[in-house]
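Engineer: Here are the chains, one letter per residue:
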Amino acid sequence: MRATDLLRESIVALNANRMRNLLTVLGVIIGISSVITMMAVIGGIRDCMMKEFGGGSDHIVNISYFDEAHPAQMSDVEQLRKEMASSYDYIVVAQEQSTEASVGSKTCAGANICGTEAKCPEVKTDVKLSEGSFFTEEMVKNSEQVIVIDQIGVKNLFGDDKTAIGDLDSQVIGKSVTIGGAQYSICGVVECAPYMVAMAGDGYAEIYMPLTTFQQRISPNQPINSLYGMASSEADLNTISLDTQQWLARHFGISDENIGNSCYINTNKEMIDQVNGFMAGFSAIMVSVASISLLVGGIGIMNMMLTNVTERIREIGLRKALGACYKDITRQFLLESVFLTLSGGIIGIVSGYLIALAASSVLVSTGALGSMVSDPAEFKPAIDLASMLVVAGVCVVIGVVFGYYPARRAARLDPVEALRYQ
Amino acid sequence: MAQGIKTPPSPMPDSTVVNGVRATLGAGTPAEKRGSYVIDIRNLHRIYESEAGYTHALKGISLQVPRGEFLCIMGPSGSGKSTLMNILGCLDTPTSGTYLLEGLDVSTLDDDELTALRASRLGFVFQSFNLLPRTTVLRNVELPLVYTNTAPKKRHEIARKALASVGLPEQYYDHNSNEISGGQMQRVAIARALVNDPAVILADEPTGNLDSATGLMVLQTFRKLSEQGKTIVLITHDEEVSTWADRTMHIRDGKLLTDEEERAARAASTSHGRGRT
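These protein sequences, in sequence, are chains A and B. Quick note, the numbering used here runs 32 ahead of the 1-based positions in the first sequence. Quick note, the numbering used here runs 25 ahead of the 1-based positions in the second sequence.
Chain B extracted, bound-state conformation (with noise of 0.2 Å):
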């Protein structure tokens, strides 16, 4: 098992210091494994603590995702696959188990850590879209870099550049983001999860609030972008959806499954023959 440590034996060229925050990445495992997996989950574990007893959301998921590849984790509803997103996202924390991101313990860093890696090192696109209203494109698009203290000017430089790369007319930079469709927001948000250059972008049911033909362009985005060698994992319940990725993994109350595992529980789930036309 990998341990990451927060400061490296040898200079590393990818750390970042965002808000006095060491975020020191792809630190401390050998340097072969380096290059190789962004995302390495062993045994992971967790447990939600409720009025209503205890749940156990995630049953000891292993997962290991190398650099630049687009990986659909597919599931119905109330397998997990959310929480396993947001564990990914840095935005919960694993009751057990390891998560490393670039080979860095996620589990050893505190809230200020974790906010930092976030704004440096993680892309998001949700399935509202999650734009802020009264706000245009380009400062949206922006925001990730408002909290990592970049200049104005390189913002600007880089949020056209992303913007130009999901495939946005220029005209549309100035529009508040209430002002264009929903195929054009979710572009939007995709552009805002590259711009700080992510190691992963984690997308949350993207296509779920889109017609098929939208979600298609959405979808052609994302494959364009894992051509130029972005690694991205995306959840969705859609069959359609998933075969757009480099490779599926499914996932039922909290395990993760292999093919024929899958196939033997959905055939079980849908045995009593009803609803057949």
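Chain A on its own, in the form it takes in the complex (with noise of 0.2 Å):
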């Protein structure tokens, strides 16, 4: 028999009884929908997070350092800078503070100051500039009196309740913002993520200015508790945060058992392997009860072509006398056990793909993916090519499997008793 006819023949078959052939491959539906909805959510997760920490940032780590007996200042900061140099390219420090921003008649009663250095947005990756430019080292250098305000602060030191964030920002470059009595030249406007345009009022705005700046007009003398490291590229990013906490502890004199009240560091590898280690977990489980659903699905098939040859006896025993060997009728009905097993599979693709984009933006809205993706806008569920060949390859052996005692219980039938069949 030729491959077309036999397709032809396996494919008029399966369409003879098609919305029980549809309820046949329910059970392996639903559990490839599943697999692939928790699959793309999950891959959505990690192209999101691929972008955030991705490429040169998993170098950068995380360093919080907060004790009243041992307080961190610049000249701390520039020994840790020198004895650690072969572990750091550079180390950005950070420090906070919350005043009052006015322009005009507007003010921003809550504007958080950040004063840090040039190399700011490379060690924080929720720095994008979208307009202007970032202060530069020699501003540092000079304590010039620039400073970078986000889109909510232009929004509403510049704006009104119609503008819309991003409208003003290349419109506020140059103009000035008054903060605690003297003027700030605005160098720069940088992005703001999405929610937080939901969650701050009209009184809040991002403002960063430079180190410099900040300690001799903002807040001089407050202790540094932010820093942020640029691992260089031969340190080793397993031990780097172990390293940087001891030389803590020792500089200080704050023991060992002490210290991990007193800092907290983290690298983003080591943020991204937790995530991932989580994933992978989640994943293994995930296809543990998608394999049994399938086992399930296929015992249901086999039942069912089962039935399917006891129904066709008759026709089999003609196909047999009119020539059909015990190839050509195997052929046959594992060809149409496949085609069941893989369709059932691309309408399980298809539709578990189409319930996580349904169940992203519910997802997105209410914030259930906040602490792992930090623009929840920009998420979109993924599924790799691989993935869909795998699932696509697992269908057609669940076919071939189940549908193996089916077809061979069809090909052996007698052909004269076949024919006699009532």
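Worth flagging that the hints you see were computed from the coordinates, not collected in a lab. None of these values were measured; they are calculated from a predicted model. One thing to keep in mind: the hints can contain errors.
[As the list claims (entries may be wrong)] Taking lysine-lysine pairs in the DSSO-like style, the calculated list, with each CA pair at most 27 Å apart, reads:
#: 1; chain 1: A; residue 1: Lys359; chain 2: B; residue 2: Lys178
#: 2; chain 1: A; residue 1: Lys83; chain 2: A; residue 2: Lys301
#: 3; chain 1: A; residue 1: Lys412; chain 2: A; residue 2: Lys156
#: 4; chain 1: A; residue 1: Lys207; chain 2: A; residue 2: Lys194
#: 5; chain 1: B; residue 1: Lys179; chain 2: A; residue 2: Lys359
#: 6; chain 1: A; residue 1: Lys156; chain 2: A; residue 2: Lys301
[As the list claims (entries may be wrong)] Computed beta-carbon distance windows for the label pairs:
#: 7; chain 1: A; residue 1: Arg50; chain 2: B; residue 2: Gly300; range: 52 to 60 Å
#: 8; chain 1: B; residue 1: Tyr73; chain 2: A; residue 2: Leu417; range: 55 to 63 Å
#: 9; chain 1: A; residue 1: Arg52; chain 2: B; residue 2: Thr268; range: 47 to 55 Å
[Unchecked claim] Computed, partial: chain A to chain B, Cβ under 8 Å:
#: 10; residue: Val44
#: 11; residue: Glu347
#: 12; residue: Lys352
#: 13; residue: Cys357
For each residue, glycine too, the CB sits at the ideal point set by N, CA and C.
Work from the hints to combine the two standalone chains into their complex.
Structural biologist: So this is what it looks like as structure tokens:
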């Protein structure tokens, strides 16, 4: 029997009982659909995280230090920079204070001022420029009175209720903002995270200014609590957190048991590894559950194929009388079984992805992804071709395995008995 | 007794390779006999084994059917005529005795070879038509050619010619087989039996499920085919049907009877005289 004819016979036979066949593969569809939904959501989260943390930014080390008895000053930071120069390419200081910022009559009562250094955007990945530029090392050295403001601040200080985020960004470059009685010139605008738009009121703005200016004008003698380090390429990312922690302990004379209370250090890589680990574990559980569901689905298919064979005993007898050999019959029924499972798999993949799309809007609006994804609006479920091919392959295997017995039963029928069957 | 061999000493024009199995036909027998008997049965026995014991269905049947003959085998139910038909159609193998189909000894063939033989050299017409239900008339008629791996275009051509020769109007070719009448269905079945140009057409009670008018039409079709030179073996229990054949043989209790034996048997079974009006 030719391949095209074989395909045709199988498809015609399946088509004859469309509704019943659909119900038969429902188990497979549900199993595959749920696996695909979860894999797509996880894939989307991973994509977001890779965008966020990917590239060189897995070398970023976040250092938080707070000890009342041993406050950190710039001199301590300089020493850290010198003594751990092999581990860090550079370390950026960031200090924060909340105060009032105003432009004319408009004020932001609770503007967050962050004094930091020129390389800040490279180590703080949520600082993304939309207009202008960040301040330079030169500006930091000269303690210039420049600021970089975020889009919410722009709206609150320069716009009104009708202004949308991003409208006025290009217009505010060079304009001045009053903070603590002094004038600061805007040299750049940074994007704000979409979820902040909803949360932040009209008294909020995020403002970055040179560290030197901050220490002179906004908050002198404020202890340093957060550092962002860019680990060097030779640095061992697995030990750098511990090494830095031990340096702080020795430098400030804090015992090893207590240092854990005073500082918290982690690398982006550790965070990514943690999430990857969790996702891998979750995937493994999912795959096990899906396998059980596919097994059950496969048994259902085998049952249906056996019924099918019984219903078509006379037809099988006829085919054999007309010249169908053992192989022709087995191939036809095996192919029907494989088509069943494969179509179930394809429907499962498509519906799984659609459910993931629908679910993502729910996940985004409820903020369930908030901790893992910094920009939920960017979240899109993702499933790669390799996974889909694996799913399709598994379906084919199930079709063959559970279709084999019924196909053999059909092929071994005696044509005389079969033709006589009522 | 002629011995059939699979690979003949001289090249045979009518040998087919189906599914890789060489079914060489018309081979082995002495040249002068090759053209004469399509079916040559000698001392055929068929014994069935079941939980109830042994059933001796055929008891030493001998039969020769020359090419082009329209033979009718008549007998009551249980006479073994269906068993004989199944053996003639290579759907069943005899317990003992020989069956030469166009000189080929069928008992030397295995299952796959028998299947190949059925695909290429035999045509079946059943009492209950046995067409594939949700399939078009044309596709039904093509089915034996699908199993001989014939190319689609050639298949269509042959199927159309066969349908034309049984007198089915072209408008029905695309109808599904369950959308046509019983008489039309049986004509489609006859066309199906013709497409592989068989050595013999085997018809098992072809008019059994038809009314007398449609049955008449079917028998006329068989008659026409016989006049075109086709060999036909038809089994029935109906005497009127048997009048259409060239020759009628009677079968009772697994044995073929001569005309006198048949008359005597019939007289014996009706001698009680009851049921007469």
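Engineer: Would you mind marking each hint as holding or not holding in the structure?
Structural biologist: Going through the hints against the structure:
1. Lys359(A) x Lys178(B): Given that 27 Å is the threshold and the Cα spacing comes to 24 Å, the pair holds.
2. Lys83(A) x Lys301(A): 13 Å, holds
3. Lys412(A) x Lys156(A): 24 Å, holds
4. Lys207(A) x Lys194(A): 21 Å, holds
5. Lys179(B) x Lys359(A): 24 Å, holds
6. Lys156(A) x Lys301(A): Satisfied, since the Cα-Cα distance of roughly 14 Å is no more than 27 Å.
7. Arg50(A) x Gly300(B): 52 to 60 Å: Holds, at about 54 Å.
8. Tyr73(B) x Leu417(A): 55 to 63 Å: 59 Å, holds
9. Arg52(A) x Thr268(B): 47 to 55 Å: 48 Å, holds
10. Val44: Result: holds, 7 Å to nearest chain B Cβ.
11. Glu347: OK, holds: Glu347(A) within 8 Å of chain B, min 6 Å.
12. Lys352: With Cβ-Cβ at 7 Å, under 8 Å, it holds.
13. Cys357: 4 Å, holds
When the structure is compared with the earlier hints, no violation turns up for any of them.
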